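*Asks:* Generate coordinates for the entire structure from the input sequences, incorporating the hints supplied.
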Amino acid sequence: MVLAVEQAGKGVMVNLKHLRAFAAVAQELHFTKAAELMCISQPALSALIKQLETWAEVPLIHRNTRQVELTQAGREYYASVRQMLQDFDQAGEQLKQFKSIRRGRVRMAALPSLCASVLARTLANFRHDYPDITLEVFDLPGAEIMEALLNREVDLACSYANQSPEINAELFLKDSLALLCPSDSPLAAYTSVTWRQLANQPLIAMAPGTTVRTLIEGVTAANDLSLNIVLEPKLISTAMGYVCAGLGVAVLPTAGMEPLAIPGVACIDLREPQITRDISVLTLKGYGLSPAADALRKMILQ
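Numbering-wise (the UniProt record's numbering), the sequence shown opens with residue 1 and increments by one.
Derived from the structure by calculation, the hints contain no laboratory data. These figures come from a predicted structure and were not determined experimentally. Some hints could be false.
[What the hints assert, rightly or not] Straight-line Cα separation of at most 20 Å, EDC-like style, residue types lysine to aspartate or glutamate; simulated pairs:
id, residue 1, residue 2
1, Lys298, Asp129
2, Lys96, Asp132
3, Lys234, Glu170
*Replies:* Right, here's the structure in full:
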């Protein structure tokens, strides 16, 4: 890296090599040893020191046939140069750690149904492979996910594909809505049911603002349906518990059901219409991911 500092009228460019050469001489107080430390010839080292002193317009080193010592200006300058080089090298090491995914933080937002199901194993694998990375996962409704991503509060997100021109979406899962009902319900005898068959059923619908509820409202509006909503939980696990207790039937995404499977609850295909949704990894266009965040993105898409 070139520090590219030019003294007006001198035409001398001082770069990192000049500073390292000066630091080597100041450390060794011997030009031959300093040249060996720099892996350059002694004449090349002397030329660097001469250029640095020309730029500084003040002697930095006293040298004769017997000894090498720093001038007062050289001693004070060396203290600053040594700290500068230490900071530079430390910053470089930090960058290497980021590149090799040994340092950093990843913030991801995802739908609760995904966090509890298909993403859980991926997140565990990521933490195992990259134990030095701080991983923060926020389970949020779809609208809050988009807000967090657009505000750059998270690095990436897993949610339904959004048409925003600011968002890049990479499909990793096709999800669908299904009906959950008690296994002793008459509906449990069907391999599939239609939305109209739900009209008179006590429906446990996810809370307003959730992606599932938005999809349900879209179906009812498009098909002139009226549903009997009796409970509005925020969590899929709560909805399944209500179904198991016989409080009603529920429309839920299939992606979140497998790890929360409860004995006594049947899962039935829901058709006419069949509602599917594309679940994607979402990132902001124009903003590159850190190596750690990109590693998580690739792991999800595998």
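*Asks:* For this structure, which hints from the list above don't hold up?
*Replies:* The structure conflicts with hint 3 only, although it agrees with all the remaining ones.
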